[in-house]
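Working from the sequences, and respecting the hints, build out all of it.
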Amino acid sequence: MHTLGAPVALSSIAVAGFLCGAIVTATHQVEHMMSAEDRAAIEAADGGADDFVAVQFATTHDADCGSAAERWLWGGMDVQLVHHLFPTMPRYRLHEARDITREWSAGQKMPTHLPNGGGPLTYKASPPLDLIRLNYDVLEKNARA
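Take the sequence shown: its letter number 74 is residue 73 in numbering that gives the first Met the number 0, and every next letter is one higher.
It is worth saying that the hints were derived from the structure and are not from the lab.
By construction, the Cβ of each residue, glycine as well, lies at the ideal position given by its N, Cα and C atoms.
Warning: the hint list may mix true and false statements.
Unchecked claim - Simulated DEER-style distance windows between Cβ atoms:
{"id": "1", "residue 1": "R143", "residue 2": "V7", "range": "33 to 41 Å"}
{"id": "2", "residue 1": "A39", "residue 2": "V7", "range": "50 to 58 Å"}
{"id": "3", "residue 1": "A67", "residue 2": "A39", "range": "39 to 47 Å"}
{"id": "4", "residue 1": "I99", "residue 2": "F17", "range": "26 to 34 Å"}
{"id": "5", "residue 1": "A39", "residue 2": "N141", "range": "39 to 47 Å"}
{"id": "6", "residue 1": "G4", "residue 2": "T87", "range": "37 to 45 Å"}
{"id": "7", "residue 1": "A68", "residue 2": "V23", "range": "17 to 25 Å"}
{"id": "8", "residue 1": "F51", "residue 2": "P126", "range": "22 to 30 Å"}
{"id": "9", "residue 1": "G75", "residue 2": "A105", "range": "19 to 27 Å"}
Written as structure tokens, this is what we have:
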């Protein structure tokens, strides 16, 4: 801190905090939130056992980053679904696994007791700015509720 000074150190912490907050909320708040009714329906339909993979697909939305710089900026948060499915996978493998997961999901169906039940098991990804707009819409909707 002596080399750069307190203003540089504090501003870098503020910028990093803002980016982290914006990216984490953008990837975690734009999808279906499981309500108590959803949880009860899942437990009633399958005897209490979750269909973990289907729940992750229902509640996760990735960022479809274009450039390497964009992927670096998102710090791996652009591949949330694969991270949730394979939490111990090394970060440098997540993008490769995302492509495989996206292909696999194309022929799968969502279990009938989950949101969008019977419909396709859809891998959801949006460009980062669209994802941030979706997040803003969710925050605005909740603020007005």
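To see whether the hints hold, each was checked on the structure:
For the hinted restraint 33 to 41 Å between R143 and V7, the CB-CB distance of approximately 39 Å keeps it satisfied. Roughly 52 Å separates the CB atoms of A39 and V7, a value that falls within the hinted 50 to 58 Å. With their beta carbons about 44 Å apart, A67 and A39 fall inside the hinted range of 39 to 47 Å. A hinted range of 26 to 34 Å for the beta carbons of I99 and F17 is consistent with their spacing of about 33 Å.
A hinted range of 39 to 47 Å for the beta carbons of A39 and N141 is inconsistent with their spacing of about 22 Å. In this structure the supplied range 37 to 45 Å holds for G4 paired with T87, their Cβ-Cβ distance being about 40 Å. In this structure the supplied range 17 to 25 Å holds for A68 paired with V23, their Cβ-Cβ distance being about 19 Å. Between F51 and P126 the CB atoms are about 28 Å apart, so this pair conforms to the stated range of 22 to 30 Å.
Roughly 24 Å separates the CB atoms of G75 and A105, a value that falls within the hinted 19 to 27 Å.
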